[in-house]
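Sequence lines, in order, name chains A and B.
Under the numbering used here, read the first sequence as residues 1023 to 1292, first letter to last.
Under the numbering used here, read the second sequence as residues 152 to 460, first letter to last.
Worth flagging that the hints you see were computed from the coordinates, not collected in a lab.
This one's a predicted model, so the numbers in the text were calculated from it and none came from an experiment.
Fair warning: there could be bad hints in the mix.
Listed below are the simulated DMTMM-like cross-link pairs for lysine to aspartate or glutamate, each with C-alpha atoms no more than 20 Å apart in a straight line [stated by the list, open to error]:
hint, chain 1, residue 1, chain 2, residue 2
1, A, LYS1208, A, GLU1280
2, B, LYS417, B, GLU292
3, B, LYS168, A, GLU1280
4, B, LYS417, B, ASP260
5, B, LYS417, A, ASP1117
6, A, LYS1208, A, ASP1191
7, B, LYS168, A, ASP1117
8, A, LYS1121, A, ASP1191
9, B, LYS168, A, ASP1186
10, B, LYS417, B, ASP265
11, A, LYS1208, A, ASP1237
One letter stands for each residue in the lines below.
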Amino acid sequence: MYRYPRWPIHLALVGVSLLMLIPFYWVLKTSVTGENIFAYPPSILPKSPHPFYYVDVWYYIPFARYFLNSVVVSAIAVIANVVFNAMAGYALTRDFPAKPFVLLLFLSCMMVPFQATIIPAYLITGRLGLLDSYWGLALPQFSTIVCIFVFKASFDAVPRSLIDAARIDGLSEWRIIWRVMMPLAKGAIATNVILAFIWSWNNFLWPLIVTRSADMQTLPLGLARFLSYQEDTTGALYAFCIMVLAPGILLFLLAQNEFIRGLTSGATKG
Amino acid sequence: MAIAPAVANRPHRLARKRTRQAVLVWCFLAPSLAVFLLYRIIPLLWNVVLSFAAWSPLRPMRWAGLDQYEEMLHDDVFWQSLWNTLIFIASAPVGIVIALGLALLVSSDIRGRDVYRTVIFISYPLMTVAVAIIWRWLFDERVGLINYVARSLDLVDRPIQFLNSFVWALPSVIVANIWQMLGFYMIILLTGLQNIPPNLYEAAAIDGANAPRRFWRVTLPLLKPSLFLCFVIGMLNSFTSFDLVYVMTGGGPGRATELLVTYIYKLGFSQTRFDYAASVTIVFFVLLVGITWAANRLSGGNAGAVEKD
């Protein structure tokens, strides 16, 4: 049944893979040579690569500062996101009178994209006095509905008898959460951590709105700002690009399965 | 006080347990509810109010009725950005069809399929700002790879100024967007393909259905929910796209790549016209809900809305 030649499939997939990878190669090449900024025709292989553009990045821009800002904002967002989502997901496994209303509220909030809230969100953050601060940058990402439902599904899958047994053994509510529920929700936690991190790390629009001072800028902002100052005239821009992308690619390769599981579970929950 | 008999004590304890549970539930829900209230519900209502008012941070609020919606009717930039956004949305199916082909190829039992999957998926989780810079570079007029290839193959005699051309700017941004979303669509479709029971194919083969027939009669109908899901997500992604356009073209040249979100951003934060930006936001939101609702109706309620901030 499956006796067809394999090479056309490989050919097609190798072709597409090249289309996905060549852009990275082109930028990587520019970042170590800078040669095709002015030269035409551009060379395909790098001639005399050097690391000087990477050094330039350290002197041109406060890379360490941007990096630190991104790390701090992401850390706040991820921790708050996971804790709050887990709490809300756990609450939703219980029966309480207003539950249908709360579910409806969450589902309708899901229909409001962040982009449709930017003006009032900016004004609200201003009223809270959080403009241009780490908390203001992280606050809108403190809870995400998709991940609440991922947690709910994970908690729902815990057999009722196990919880009852724990209760009969005299475990308090808190101990049941910590000792029984949380260990069984490890998958949901991993999924949520990765999704929340990617969302926060890559976020551009909100930092663009909320930050004022150069000291509070995160990596994507720094990158966009560097572009607007330098245009395409230096290989340092591409070195910066690679430095920003590298940690993300590394993390993705390490946690690919959790990430994919998160996307597909989040996507099918609806 | 009389000592209550044990029987009467019971409902009392039950009620206390119920109160304790209610306290727990609401305490657990409170932080998430507060965040959604603060950053979803109040902003939405605030937008509605602002859209009917004339207001800027230094002036007191004044009732403006439908003035701003009327202004929108005569605002060429608004219509242009609406049109661009619709084209951007209409490009999503192109990516989904390509991704369907890829998913079928990757799901065949070839060697190295995990490697292919990873490579094709890798662009999705990357920072969009960096992706935009990469594609600016590829589309560059003098030394960009795309112009270089096109000139080497004698497809063009003069380099095309992709991002500075009224004709090419929007298609260029769309290409970059499809490039980034391709892997995501493929993953969703792969999951859908894996959920199709293999014995259906065997049964179809025994009944004499050839490969194209098996695809049209078995694969495609069973993949429908995944395809609709891709469509809804792709549409929402195009609809709310900001980073890519903002960095690649800034909405230009002229307004050739202006999208609704970039227009709202500019109205609010470069022109400080919060009130008018709010009216455009309301139109944007109503359109979004309308299109999502229509897609859901078409799919028979199968496709769920998923956000990607």
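For a quick check of understanding: which of the numbered hints are violated here, in increasing order? Numbers 2, 3, 4, 5, 6, 8, 10 and 11 - these are the hints that the structure violates, sorted from lowest upward.
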